[in-house]
Amino acid sequence: MNVLLVEDDHKTGAFIVRGFTERGHLVRWEKDGPAGAAEARTGRYDVLIIDRMLPGQSGFAIVETLRSEGVGSPILILTALSSVEERVQGLEIGADDYLGKPFAFSELLARVRALHRRGAEAGATEPGHIAVGDLVVDLRNRRVVRAGRRLDLTPQEFRLLEFLVRRVGQTVTRTMLLEGLWGYDFDTRTNIIDAHVSRLRAKIDRGFDAPLLHTLRGVGYVIDAPG
Amino acid sequence: MRRAEPLSGLWRTATFRFAVIFASIFGVGAVLLLLVLDFSIARFAERELHNALRHQMAIMRADAQLEGGAALANILAEHVRTDTVSRYRYLVIPPDHPSFNSGIPEDAVRLRGFGHVKARAADVPSKAAANVVEMLVLTERLSDGTVLAVGRESYPLEDLRAGLHAIALWGGGALILLAIAAGSIAGLLFLRRLELVNETTSRIMEGNLSERIPPIGFGQEFHDLTRNLNAMLERLETAMMAMRQVSTDVAHDLRMPLTRLRNRLEELDAASEAQATQIEDAIGEADELLLQFNTMLRLAQLESGGIRCEMRPVDLMQITERAVEAFQPAAEEGGRTLFGKLEGPCLVLGDARLLSQLLGNLVDNALRHTPAGAVVAVEVRSDLEDVVLAVSDDGPGVPEHDLPHLTLRFYRVDDSRSGAGTGLGLTLAAAIVNLHHGVISISNLRPGLRVEVRFPRAAPG
Numbered sequence: 001m002n003v004l005l006v007e008d009d010h011k012t013g014a015f016i017v018r019g020f021t022e023r024g025h026l027v028r029w030e031k032d033g034p035a036g037a038a039e040a041r042t043g044r045y046d047v048l049i050i051d052r053m054l055p056g057q058s059g060f061a062i063v064e065t066l067r068s069e070g071v072g073s074p075i076l077i078l079t080a081l082s083s084v085e086e087r088v089q090g091l092e093i094g095a096d097d098y099l100g101k102p103f104a105f106s107e108l109l110a111r112v113r114a115l116h117r118r119g120a121e122a123g124a125t126e127p128g129h130i131a132v133g134d135l136v137v138d139l140r141n142r143r144v145v146r147a148g149r150r151l152d153l154t155p156q157e158f159r160l161l162e163f164l165v166r167r168v169g170q171t172v173t174r175t176m177l178l179e180g181l182w183g184y185d186f187d188t189r190t191n192i193i194d195a196h197v198s199r200l201r202a203k204i205d206r207g208f209d210a211p212l213l214h215t216l217r218g219v220g221y222v223i224d225a226p227g
Numbered sequence: 001m002r003r004a005e006p007l008s009g010l011w012r013t014a015t016f017r018f019a020v021i022f023a024s025i026f027g028v029g030a031v032l033l034l035l036v037l038d039f040s041i042a043r044f045a046e047r048e049l050h051n052a053l054r055h056q057m058a059i060m061r062a063d064a065q066l067e068g069g070a071a072l073a074n075i076l077a078e079h080v081r082t083d084t085v086s087r088y089r090y091l092v093i094p095p096d097h098p099s100f101n102s103g104i105p106e107d108a109v110r111l112r113g114f115g116h117v118k119a120r121a122a123d124v125p126s127k128a129a130a131n132v133v134e135m136l137v138l139t140e141r142l143s144d145g146t147v148l149a150v151g152r153e154s155y156p157l158e159d160l161r162a163g164l165h166a167i168a169l170w171g172g173g174a175l176i177l178l179a180i181a182a183g184s185i186a187g188l189l190f191l192r193r194l195e196l197v198n199e200t201t202s203r204i205m206e207g208n209l210s211e212r213i214p215p216i217g218f219g220q221e222f223h224d225l226t227r228n229l230n231a232m233l234e235r236l237e238t239a240m241m242a243m244r245q246v247s248t249d250v251a252h253d254l255r256m257p258l259t260r261l262r263n264r265l266e267e268l269d270a271a272s273e274a275q276a277t278q279i280e281d282a283i284g285e286a287d288e289l290l291l292q293f294n295t296m297l298r299l300a301q302l303e304s305g306g307i308r309c310e311m312r313p314v315d316l317m318q319i320t321e322r323a324v325e326a327f328q329p330a331a332e333e334g335g336r337t338l339f340g341k342l343e344g345p346c347l348v349l350g351d352a353r354l355l356s357q358l359l360g361n362l363v364d365n366a367l368r369h370t371p372a373g374a375v376v377a378v379e380v381r382s383d384l385e386d387v388v389l390a391v392s393d394d395g396p397g398v399p400e401h402d403l404p405h406l407t408l409r410f411y412r413v414d415d416s417r418s419g420a421g422t423g424l425g426l427t428l429a430a431a432i433v434n435l436h437h438g439v440i441s442i443s444n445l446r447p448g449l450r451v452e453v454r455f456p457r458a459a460p461g
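Line order of the protein sequences matches chains V and G.
FYI, the numbering used here numbers position 204 of the first sequence as 204, with every residue one higher than the one before it.
FYI, the numbering used here numbers position 461 of the second sequence as 461, with every residue one higher than the one before it.
Keep in mind the hints are simulated off the structure, nothing from the lab.
Incorrect hints may have been included.
As the list claims (entries may be wrong) - Pair ranges (Cβ atoms, derived): (1) G/M256 with V/A147: 46 to 52 Å; (2) G/R203 with V/P55: 43 to 49 Å; (3) G/L445 with V/R142: 36 to 42 Å; (4) V/T65 with G/A242: 39 to 45 Å; (5) V/A225 with G/M240: 53 to 59 Å; (6) G/R203 with V/T154: 43 to 49 Å; (7) G/A242 with V/A225: 56 to 62 Å; (8) V/P211 with G/Q245: 48 to 54 Å; (9) V/P55 with G/E288: 31 to 37 Å; (10) G/V439 with V/E179: 27 to 33 Å; (11) G/E343 with V/G227: 48 to 54 Å; (12) G/A242 with V/H214: 44 to 50 Å; (13) G/E385 with V/A147: 52 to 58 Å; (14) V/R23 with G/M256: 20 to 26 Å.
Owing to the predicted nature of the structure, the values given are computational and were not obtained by experimental measurement.
C-beta: ideal position from N, C-alpha, C; glycine also.
Please take these sequences and the hints and turn them into a complete structure.
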């Protein structure tokens, strides 16, 4: 994955660059708005990570400029001001995702990967079926079959499964699930996600040889074909 | 604020007490005044009458000694005949001559000196209604055996006293009425002003910390009272703000290093399964702290008005339904039953995300402070004016004295419910409710706890 980071804070920048590099991705780091915008226009990047507050030009202004120039790369905005209002504004002007500082690196990575995948799939027709190993999810008729056996899922379970299989092979964090499934921009002490996942797991993995739904400790979940 | 009921609490109102106190003081004063007046006027009138009778007697005695009893009788007869307006009655009994009597009862003859006797009304031209009137008589026996008596009815004195009593009665009554009026006016003057102070302080207690008491005027003391109260409020607000600011700053500043710590933990490679669990636990602890800090920051944003939320009509029933769905599996995993009693739609003017968080906090709170086996009910309905949201459980409830403090920052109930809470869940809930012009109330169900929130109903649109 080829990532462009526009971030003026040295500490945060170095931390992000190190994280992506260690995982085998390419990161280009620009420290101010105009340089970042110029780099973004080259179209070489899979995902742009842009800080909200930059010297020279605000992150929002860059996003607006890029979108008006037809640059379609997925953009994630980083900000210390993660209020609801900011988030809504950011998404309205054309950013694809929004992450408040400070953040866990795993959260950033999961989101950037999701954006990358979404970018790669952009334009592709909506699939009617998604298969993960021997699990087939029929999105149109909301039916799930594993190894030829029909599984009976509640609407809640189906929504969770759909969210996961649309990101097959990618880490999905708890925060992403809270946001994506319930529109919750807050966490609770009661781990509501774990309980939903274990119910789903009981239906799609129990009684089958190879588990598809995996828990990544401290990070989130991933659904993937075995092997 | 506790306000007196219109009738039953009448005695408790200051106005009424003022009036009663004024009236009692004035009433006692009026009675005392009457007694003193009555006593001194009666004495004065009695003395005057005595003196007048003595004077008459002196003339009669002089005449009797100079000219004899018979002559005196003639003089008096002549006098009585010519002077028809005289109020004096005379009696002369000379030893050897017919007696003269112009209306003194015969009993008076036996008297020596002053004495009261009863006279028949017919004897005197009295306007008194009674047949018998009181008469003061002075009787004297001269050395030659002549009996002299002079008397006068005392009814003018009685009339005077009766008149005085009537005046005192009416005057006293009027005085008491005036006193009641004065008391009420004084009471109202005070009360009006105190009411203003009361209303403002209760609004301040509801969390409107920046409000101040309006000038209530009337006098220097009131002016000083409001000035001092406002100065006190100013200090309180500053102190509260400083406290909030400190906690917000701490949360803000600690979030960064804590996130770095969490990231380092994530980077660790576990050598064994046991180590992996330890690392996971440590990450979990860090996440708990981060959640707490985030909650504090959000609370600070809410309370400072830093969040400009999008108020539009939203269906609280849908939001509640979603919350019940979200929490149900977790509740069941913990052995609790969570169900919704939803009647909808229930439109309120609000921010859907904040209302979702409100639901999340209330349900979360109920689930975490009840033992396994508990039943948690989430109820939404609308009545004529309000949309009512209630989360009730059948857990141990909360000691009654803790109830009013549950929405305070970091307030924790000592015993069974303590659990591991942020101490901020209900605080945040209350802040969200406040922002939506709702009212939150917490009560014990015995068993269980009920958190009820009322929002004004919104018109669809």
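*Return holds or violated for the Cβ distance of V/P211 and G/Q245 against the range 48 to 54 Å.*
holds, 49 Å
*Should the hint that G/A242 and V/A225 are 56 to 62 Å apart at their CB atoms be regarded as holding?*
Because 57 Å falls inside the window, the suggested range holds.
*Regarding G/M256 and V/A147, is the given constraint of 46 to 52 Å on their beta-carbon distance met?*
holds, 48 Å
*Could you check the hint for me, namely that G/R203 and V/T154 are 43 to 49 Å apart, CB to CB?*
With Cβ atoms ~47 Å apart, the hint holds.
*Determine whether the Cβ-Cβ distance between V/T65 and G/A242 falls within the hinted range of 39 to 45 Å.*
holds, 42 Å
*asked:* Verify the CB-CB distance for G/L445 and V/R142 against the hinted window 36 to 42 Å.
replied: Holds, since G/L445 and V/R142 (Cβ atoms, about 40 Å apart) stay within the stated range.
*Please test the hint of 20 to 26 Å on the beta carbon pair from V/R23 and G/M256.*
holds, 22 Å
*Do the Cβ positions of G/V439 and V/E179 conform to the proposed distance bound of 27 to 33 Å?*
holds, 30 Å
*C-beta pair G/E343, V/G227: status relative to the range 48 to 54 Å that was hinted*: Given range 48 to 54 Å: holds, Cβ gap about 51 Å.
*Kindly confirm whether 31 to 37 Å is satisfied by the beta carbon distance between V/P55 and G/E288.*
Since the Cβ atoms of V/P55 and G/E288 sit about 36 Å apart, the hinted range of 31 to 37 Å holds.
*Distance restraint evaluation - G/E385, V/A147, Cβ atoms, bounds 52 to 58 Å*: holds, 57 Å
*Does 44 to 50 Å hold as the CB distance between G/A242 and V/H214, or does it fail?*
holds, 48 Å
Checked against the numbered hints given earlier, the structure satisfies every one of them.
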